[in-house]
Amino acid sequence: MSSNYDGYNVSYNEAERRYVLRLLNDRASRHLLPEILTHVLRCSLHLSFPSLLSDLAAAAASIRRPVFARCLLLISSIPDLSLFNATIKSLSFFPSDEPFRLFSLLRSAGLRPDRQTFAPLLKSCSLLPSLQPGSAVHASAVVGGFESHAAVSIQLVGLYAHFGRMEDAQKVFDAMPHRETVVWNLMINGFCKRNELDTALRLFRQTNERNVVTWNTMLAGFARAGRDVEVVELFLEMWDLGVEPDDATVVTVLPVCARTGNSELGRRIHNYAENKDLSRTAINVGNSLVDMYCKCADLESARLVFDEMPRKNVVSWNTMINGLAVNGCGRMGLQLFDEMLCRGIEPNASTFVSVLGCCNHAGLVETGRELFQAMKVKYKIKPGAEHYGCMVDLLGRCGRTREALELIKEMPLRPNAAIWGSLLSACRNSGDIEVAEAAVKVLMDLEPENSGNFVLLANLYADAGRWQDAEKIWSKMRGMRIWKNTAQSAIEFGGY
1 MSSNYDGYNV
11 SYNEAERRYV
21 LRLLNDRASR
31 HLLPEILTHV
41 LRCSLHLSFP
51 SLLSDLAAAA
61 ASIRRPVFAR
71 CLLLISSIPD
81 LSLFNATIKS
91 LSFFPSDEPF
101 RLFSLLRSAG
111 LRPDRQTFAP
121 LLKSCSLLPS
131 LQPGSAVHAS
141 AVVGGFESHA
151 AVSIQLVGLY
161 AHFGRMEDAQ
171 KVFDAMPHRE
181 TVVWNLMING
191 FCKRNELDTA
201 LRLFRQTNER
211 NVVTWNTMLA
221 GFARAGRDVE
231 VVELFLEMWD
241 LGVEPDDATV
251 VTVLPVCART
261 GNSELGRRIH
271 NYAENKDLSR
281 TAINVGNSLV
291 DMYCKCADLE
301 SARLVFDEMP
311 RKNVVSWNTM
321 INGLAVNGCG
331 RMGLQLFDEM
341 LCRGIEPNAS
351 TFVSVLGCCN
361 HAGLVETGRE
371 LFQAMKVKYK
381 IKPGAEHYGC
391 MVDLLGRCGR
401 TREALELIKE
411 MPLRPNAAIW
421 GSLLSACRNS
431 GDIEVAEAAV
441 KVLMDLEPEN
451 SGNFVLLANL
461 YADAGRWQDA
471 EKIWSKMRGM
481 RIWKNTAQSA
491 IEFGGY
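So in this note's numbering, spot 471 of the sequence shown is number 471, and the numbers just go up one at a time.
Honestly, the hints are just simulated from the structure, not real lab data.
The model shown is predicted, which means the values in this text are computed figures rather than measured ones.
Hints are not guaranteed to be accurate.
Derived pair list, reagent style DSS-like, types lysine-lysine, alpha-carbon separation capped at 27 Å [unchecked claim]: (1) K476 with K441; (2) K472 with K441; (3) K382 with K409; (4) K378 with K312; (5) K376 with K312; (6) K380 with K409; (7) K380 with K312; (8) K193 with K171.
Here are the simulated distance ranges between beta carbons [said to hold, decoys possible]: (9) D307 with S130: 44 to 50 Å; (10) A28 with A349: 35 to 41 Å; (11) A136 with R64: 21 to 27 Å; (12) Q335 with D97: 49 to 55 Å; (13) G261 with A385: 24 to 30 Å.
Glycine included, each C-beta is placed from N, C-alpha and C at the ideal position.
Could you build the full structure based on these sequences and the hints that come with them?
In structure tokens, the structure reads:
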């Protein structure tokens with residue numbers, strides 16, 4: 001009878017084990033890990049099947065639950081490499097020293113690390129501020145004979161590329177017998193980050209293992225370097241080859257369309273995004289479209305995209321408000337800001353740069369003052385240089401140059417050349433020579449070789465009939481060997 005019972009018990013435990021494994025393989029059930037563990041412990045399944053703890057830890061790693069995985073190590077009575085590996089993997093998504101403590105612990109327990117130990121451990125190293133731990137782990141992997149394993153090599157390339165050590169990344173890359181797409185992407189991205197775009201492009205052309213991430217990486221590298229022509233050419237090539245752009249592609253290329261005023265390509269991308277439903281499902285795509293249309297001075301299309309976005313974040317509102325401001329529709333921008341507040345969207349520092357810009361373009365000094373004060377008092381946002389710059393520009397454009405000077409003097413941070421330059425430009429319109437002299441005195445220290453500052457002051461003297469003072473400025477410029485930049489002074493916009 002005992003034998004029959006034992007057979008039944010084994011059969012029952014096996015059925016329970018299979019049930020637990022089915023739950024762990026179902027991603028939708030993995031949020032029930034604590035309940036599954038409770039069931040395993042209650043039925044003592046971990047005693048009959050010690051590998052279940054490793055399976056639980058692997059599930060925890062897949063949903064980034066490191067604390068849960070760490071608890072499983074404490075429950076286990078027998079050192080198990082799979083359990084250690086899964087726990088290290090669960091910790092590899094966050095910057096922490098814990099994976100290295102576990103690495104030491106597993107070796108102290110007499111376990112020999114394998115490639116499934118080193119791959120997540122190296123990934124952890126990429127999240128640390130120093131390359132030193134990664135170099136030490138690399139040395140251990142070489143001693144253990146695991147450097148040539150694909151998963152380990154990929155993480156080594158990623159580690160060295162992250163720290164800009166592309167020579168070391170290249171050595172690992174060259175030694176790999178088979179290179180998956182992910183490792184090509186890591187190499188291309190590493191060279192792009194070092195601004196070695198020709199090398200990155202050579203690798204890009206060399207591989208046939210390209211996916212949309214490969215294209216996006218190369219596009220982003222060109223975009224960061226301001227090589228807009230190459231961005232457009234590469235994007236059109238991507239399209240011609242039938243590679244479908246994703247949301248990352250779109251938000252990389254649209255700002256280039258905005259910078260270059262290429263609204264035709266922007267519209268083509270917009271049509272594509274709508275057909276693929278990207279403009280509705282990805283907020284960043286909608287935001288980029290709004291920004292592109294605003295910078296191409298097509299407010300009607302920008303507002304249409306904005307209004308049709310099913311979900312908006314604070315960036316969406318900021319982009320539309322700023323677009324209205326820079327296109328001379330400051331009052332409409334302020335109305336949109338009021339709507340934003342009514343909908344319960346909390347403004348941030350960038351919001352106030354945009355709304356102060358609205359006040360600037362609409363000449364609403366008092367409204368600007370009120371918003372500047374509300375930003376500090378109501379929303380507890382500390383004004384930055386951009387906010388002060390907006391206020392100085394607003395006051396200056398309205399002829400209140402002395403108030404602008406007082407505001408600059410009250411700034412808790414050091415005013416930059418842009419702020420003083422804005423004040424100086426305002427003095428040209430108001431004819432305030434005294435404030436202009438104060439501004440130029442500071443600007444001589446901040447940007448002594450900028451001839452425009454001296455020219456503005458000399459012109460102010462000339463306008464006031466103070467020819468001797470104007471000549472002194474020209475003489476000083478000659479003495480300092482500063483020459484007027486005729487290309488910059490040939491055209492003026494609105495007197496600024």
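Each hint tested on the structure:
1. Taking the CA atoms of K476 and K441, the gap is about 13 Å. The hint holds against a cut of 27 Å.
2. The hinted pair formed by K472 and K441 meets the criterion: a straight-line CA distance of about 14 Å does not exceed 27 Å.
3. With a C-alpha separation of about 17 Å, the suggested pair K382 and K409 falls inside the 27 Å cut-off, and the hint holds.
4. Of the supplied pair hints, the one linking K378 and K312 holds, its CA atoms being roughly 23 Å apart against a limit of 27 Å.
5. For the given pair, K376 sits about 25 Å from K312 by alpha-carbon distance, which is consistent with the 27 Å threshold.
6. For the hint linking K380 to K409, the alpha-carbon distance of about 22 Å falls within 27 Å, and the restraint holds.
7. In summary, the hint linking K380 to K312 is supported, as the alpha carbons are separated by about 23 Å, within the 27 Å threshold.
8. Taking the CA atoms of K193 and K171, the gap is about 18 Å. The hint holds against a cut of 27 Å.
9. Between D307 and S130 the Cβ separation comes to about 49 Å, which falls inside the hinted range of 44 to 50 Å.
10. Between A28 and A349 the beta carbon distance is about 40 Å. The supplied range of 35 to 41 Å therefore holds.
11. At about 25 Å, the CB distance of A136 to R64 agrees with the hint of 21 to 27 Å.
12. Hint check: Q335 to D97, Cβ distance near 52 Å, so the stated range 49 to 55 Å holds.
13. Checked against the given bound of 24 to 30 Å, the beta carbons of G261 and A385, roughly 28 Å apart, stay inside it.
The structure shown violates none of the earlier numbered hints.
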